[in-house]
Structure formats: structure tokens, C-alpha cells
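**Student:** Residues per chain, in single letters:
There are 2 protein chains.
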Amino acid sequence: MIDPESFRVRSDGFRLDRIDPAGNGGIDKEEAKARVAERNARLEVLQELLWADGRHRVLLVLQAMDTGGKDSTIRRVFDGVDPSGVKVAGFKRPTETELAHDYLWRVHPHVPADGEIVIFNRSHYEDVLVVRVHGLVPEERWRRRYHHIREFERMLADEGTTIVKVFLHISEDEQRERLQARVDDPAKRWKFAAGDLAERTRWNEYQAAFEEAIQETSTDWAPWYVVPANRKWYRDLVVLELLVQTLERLELRYPPAADGIEDGFVVE
Amino acid sequence: MIDPESFRVRSDGFRLDRIDPAGNGGIDKEEAKARVAERNARLEVLQELLWADGRHRVLLVLQAMDTGGKDSTIRRVFDGVDPSGVKVAGFKRPTETELAHDYLWRVHPHVPADGEIVIFNRSHYEDVLVVRVHGLVPEERWRRRYHHIREFERMLADEGTTIVKVFLHISEDEQRERLQARVDDPAKRWKFAAGDLAERTRWNEYQAAFEEAIQETSTDWAPWYVVPANRKWYRDLVVLELLVQTLERLELRYPPAADGIEDGFVVE
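Protein chains in written order, with my numbering: chain R, 1256 to 1523; chain Z, 1256 to 1523.
Honestly, I wouldn't trust all of these hints.
What the hints assert, rightly or not - List time: in silico BS3-like cross-link candidates among lysine-lysine, alpha-carbon distance up to 30 Å:
1. K1446(R) - K1342(R)
2. K1342(R) - K1347(Z)
3. K1347(Z) - K1347(R)
No wet-lab data here; the hints were simulated from the structure.
Looking at chain R on its own, in the form it has when it is part of the complex:
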């Protein structure tokens, strides 16, 4: 079926525009949806096992252009998964207090504990993306951050966190349609911000910023995966396959039963 590793960013010559946002891996929608249901059930089991095992931490970083589908990916991929062991941390415009500290300061408190899955909806990568595109700090300053971020993630990984980073890749046309849908649908209109259109004029600058950030920070210990995301059902499937494969590799196991319980009976 789908090999999630084929979406991994490996080489120095990474080019975002060589990846088709409309890709579907030769799978049709019905087939994908059936597989999504099956993989989602598996994720549910694996998450409980991760929690019971209690020796690993999993961090999923989600980034995308506006309307790229971060919120709906989280909702659909983790549908039915026990929210006790899964936390979502969203990072919007930083507060004044956050800006008075280094840019990793607001992120670090939210990294996963033993047994947890944490999803970053946006992340420290905004500090080399929006900050770069809007010139909020000088280039020499944001450019150093690639190194900081690699090292921050290396520390997390060394200390027991499995990190998976996903860029949901949509096309410019797809973004236009999704923005139009937000305007047209009363139930989605609240998500539409006037700033969205201004950001849209910077499409190429954002693509360049993403391309470089992904290339500079896709490491052995915290790889980036670029997932074609025009088709939501294909996007969901790829992210699920990636998460399930990542958790399967951890060789999770239930801890031994407590003393006093033998062969399934409580011993008194």
C-alpha cells in the first residue's frame, strides 16, 4: 500500500515544487476511506499501548500554508483516540510575555511526557516562516535558528522523544478554493480573516521559506514528511500510515501485571 517513508525529505536538493499537492498514490477515494478507518482503529490501540508502556514520548509537528488542513487533519486522524493521552498545542501570534523570551520558550513546556502524544498545530517553525516573510527579525537572526531548532530537537530525541514533522502540501489553486468556501459558507465564515488574503499575495515567499526550513531541519532524529494535501482523504491516510508505522517501530509493550495478579486471577 502506501510507504510513508517515500514522503520523507532526505536530500540536500529538496524542491517543494517537485511534489504534486494533488497526488493520490494511485489510490481511489473509496479504497482510501476504508483504509483510513482501519488505520485509525489501529492508532487507537497503539496510543493506549504507548500510554501503558510509559517509556516513550511522541511529538507530531504539523505545518502548512493557510487552509492547508492542520485542524481537520488532527480531528480526522485522531478521531476516537483517547484524548487523555493526546494533547494538542496550538501556536498563534505570540503574546507580549512570549516575545520577551527566546522563541523556544513558549514551545518547550508543551513537549510530550512519557506515554504522551503531543501534536503541535503550528510550532517553533513559525519563527523561521512568518517571521522571515514579514521581516520581523533580521535575516542573520532567523537564519541561526535552523541550527537552534536542529539542536533542540536532537536533545528531545536523545532524551526519549520520537519526533515526526509533517508539512501538508496544497496548491495555490486549492488554497483559493478553500478561502472562497470560507467566504461562501456561513458555518465557515468565522475562520476567514481579512489577513488571509494579504498572506496569499506572499504565496511564493512562504513556499520558499517552507522549502528552505524543511531542507535545513529534516534530520535523522526529526525528519520532515511532505504530504500531498489537496485531497483530504489521501492526506489523512498518509498521516495515519506514518503515525501507525512510527508507533509500531517503538516495540511498545504492556507492563507486567501488578503483584498479586497471576494467570488472570486476583491472588489473595
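Here the structure of chain R is known, so what remains is to put chain Z in place on it, guided by the hints.
**Tutor:** For chain Z alone, kept in the frame of chain R given last:
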């Protein structure tokens, strides 16, 4: 007078046992005390200026053997300094929640904001000191932390934090006397823990751990200073000179007056 830079750890061949814990730099107690009062007054002014300026962050890391004088150094050096802009963060035995995360997780939230001085009373260095001496994690794991710590401090420095790290260096005899004083003095007895004596038997192991940690992590952006600390008045003076010099170098300035205030008059 005293050049704080002479206490800075620079070379690869750093040896802790070549530094005399009883050193006094040729200064006598009276002279030192007068100078301490004068430098303390200057620190008070500089801290207010740091706060008003609002563009810099200062982190002082204090480490020492047990009874090395961390608490009393903080009390005496910062005597009279406005506590609104100075925060002390102490790091004792980690909680269960802290242990479920990477070892920098509990430290990072306490780093200084713009305009602040933060003092770490113990710090992330415990994770290459007590953790090493007691074998709490395998060697290959704590050894990697030297690199993490260098990079964590580099990130803080790149983003605007001035870092000064001080090891208060006492002798084994001095420690014995101070422990005895804790036992003898009813007002100090509460500070005496039975574990202190057990730790004392590991004196050489701790010295070796400190020596290596200091050598591995004394960098251009976060230097270590080894301060002779048998004589409290000399220790206080050296730490004060170091802090004052560090703050003077920042070229702090008061921000311009608000609009409507000209030449010292409120303009209506």
C-alpha cells in the same frame, strides 16, 4: 582591584585542584567589605537600568558543592536590589512530572525575560553532576548532555540572554567545618540533612564531575567562572565585580521620555 576575567575558565586543560579555594587576591577583609558595599550599590543602579532599558536578559547560574554558599551568596550579593526585576529559581530533586520530560523542560520556563535578572540556584548542570555521581542514567546518556547544554545556552545567548556561570569553590576542610556548624547551631540545624554526610564521601567524584562539566561547557557565549569561596567576603566581592562588569558591558540606557514630556516639564 579585582579582575573578574581572571576567574574565567578558558583552556582545555582546566584543573579545579589548581585553584585555591582559600584565595583572597591579596585583599583583606575590611577592604573587601568596603568594596562589596560600594559594588552592591552600583548593582542596584544597574539592575534598575537593565529593567528600564528592557532589551537584555541576564542569567546567573550558581553551582557549588553542598555548603558551598549558593544561598548566602544570593542573599548578600543582591542585598537591596529590587526584587521585582530579579528572580531566583531553585532546582532541587525533580518531581515525577519533571522526570517524565527531558531534563531541560523544568529549567527553560525560568530563563529571564527582557529586563530581568534570573539566578539559577542549582540548574540543568545537576543532570551531569548528581545524575553522574549516582549513576542515575547511563554514561553515554549524560555525556551527550554536554553538547545539549552548550547548544541550549547558545540559543539563549543568540536570542539576547547574557549568561554568566559561577562555581563557588570551597575546600573539603571548609565543607567539614560548615557541616559541623550546621549541627552545632540550632538556627542552622534544619539545613543539615543526613544525606549531606553520605554525599561527602563522594567528594572526589563530585570534584571530577564539576571539573569535566565546567571544562566541557565553558563557552564564549556562556563562560564559567570558578570563584574561591572559603572566605565569604572574598567570594561576595568577586561575584559582585563579575555581575557589575557584565552589566556595564551591556551599555544600558534609559529609554527616551514619553511624548508630552520635554525638558523635564509635562507639556499640556
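**Student:** Are K1342(R) and K1347(Z) close enough, with their CA atoms no more than 30 Å apart?
**Tutor:** With a Cα-Cα distance of about 28 Å, the restraint between K1342(R) and K1347(Z) holds, given a limit of 30 Å.
**Student:** CA of K1446(R) to CA of K1342(R), is that 30 Å or under?
**Tutor:** Holds, because 22 Å separates the two Cα atoms, which is no more than 30 Å.
**Student:** For K1347(Z) and K1347(R), compute the direct alpha-carbon distance and say whether it is at most 30 Å.
**Tutor:** Between K1347(Z) and K1347(R) the Cα gap is close to 33 Å, so the pair fails against 30 Å, i.e. violated.
Hint 3 from the list above is the single one not met by this structure.
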